[in-house]
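For the sequence shown, position 8 (counting from the first letter as 1) is numbered 167 according to the working numbering, and the numbering increases by one without interruption.
It is worth saying that the hints were derived from the structure and are not from the lab. Values in this document were obtained by computation on a predicted structure and should not be read as measured data.
Label-pair ranges, simulated between beta-carbon atoms:
id	residue 1	residue 2	range
1	ILE185	PRO233	36 to 46 angstroms
2	SER402	LEU248	33 to 43 angstroms
3	SER312	GLU394	13 to 23 angstroms
4	SER402	GLN295	38 to 48 angstroms
5	GLU279	LEU301	32 to 42 angstroms
6	GLN411	GLU279	41 to 51 angstroms
7	ALA328	PRO233	30 to 40 angstroms
Positions of the beta carbon are idealized from the N, C-alpha and C atoms, including for glycine.
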Amino acid sequence: MTTTTEAECMLSTTSPATLSSDSLAILPQTLTFLRLSPSGALYLPLPTPHSHIILTGPDSPSDTTNIVKAFNDPLIYRWTVGTPFPYLLEHAQDTLKKTVKTYETTVARMCKLASGDQEEEIKVDQTPLRFIREIQLDGSWLFIGDIGLLRDSFLEVLPLEERAKLVEANNARCIGDPEIVWMIGDYLTSSHHGQGIMTSVIRTVLYTWAVPLMNCRTVRAYIITENWGSKRVFEKLGFTLTSTIEGGVPLQGKREKEHGTWVMEWKYNSI
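Using the sequences plus the hints, can you model the full thing?
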């Protein structure tokens with residue numbers, strides 16, 4: 160059983176309205192954890208001691224160079240699956256086009272709900288503020304990573320027919336349905352590893368965004384075996400190892416030996 164109406168399900172497929180400064184201004188008034196910069200950029204600040212780190216929407220095309228650099232860094236690409244290697248400018252441009260569309264559609268939906276007369280709860284099924292940035296001394300924002308939630312792929316489920324059924328059922332659930340199973344993807348530029356940033360980012364995304372705005376209750380992380388740093392981050396956040404997929408991770412020119420996948424899961428506890 161879902162917690163949303165059929166009309167709400169259909170709302171997510173409508174074309175985004177123009178994201179004017181006036182329409183965006185209502186969001187920090189309604190969702191007090193959000194901020195609007197003097198230039199009109201929507202962002203979500205992390206709590207102390209990482210208040211110099213913020214989550215924002217895409218800044219295309221200025222982000223493309225930094226994304227290309229990140230995905231060609233061996234400290235990052237060796238733990239990724241699916242992203243092309245070597246990672247080229249056109250790859251980043253294609254990704255940013257999709258990210259911009261997601262941002263515009265989701266934020267337009269939020270603005271529409273926030274300004275509506277029906278006092279409808281703001282619920283979304285995306286993480287539009289997914290770009291991790293560090294505020295510099297001169298006030299500029301430096302791209303340092305990315306984080307996002309998507310509906311789960313059930314990678315560990317076999318046979319493939321059974322997996323396809325689970326994916327189809329999960330994708331059919333309406334926005335705000337607490338039965339949706341999510342999966343998380345993230346990376347941080349190697350210059351900012353070891354500072355506790357990603358732990359704070361994920362915690363903020365889960366508890367400040369995903370739980371109240373997505374009605375998120377279950378999140379899975381798929382981690383390439385031997386990526387101990389990532390595994391420790393998720394353990395700190397309450398993720399538990401549910402299974403290990405032996406082998407199967409393609410080398411892609413990124414790795415010298417075959418790896419498997421750790422499947423970790425987080426459940427929201429309201430107590």
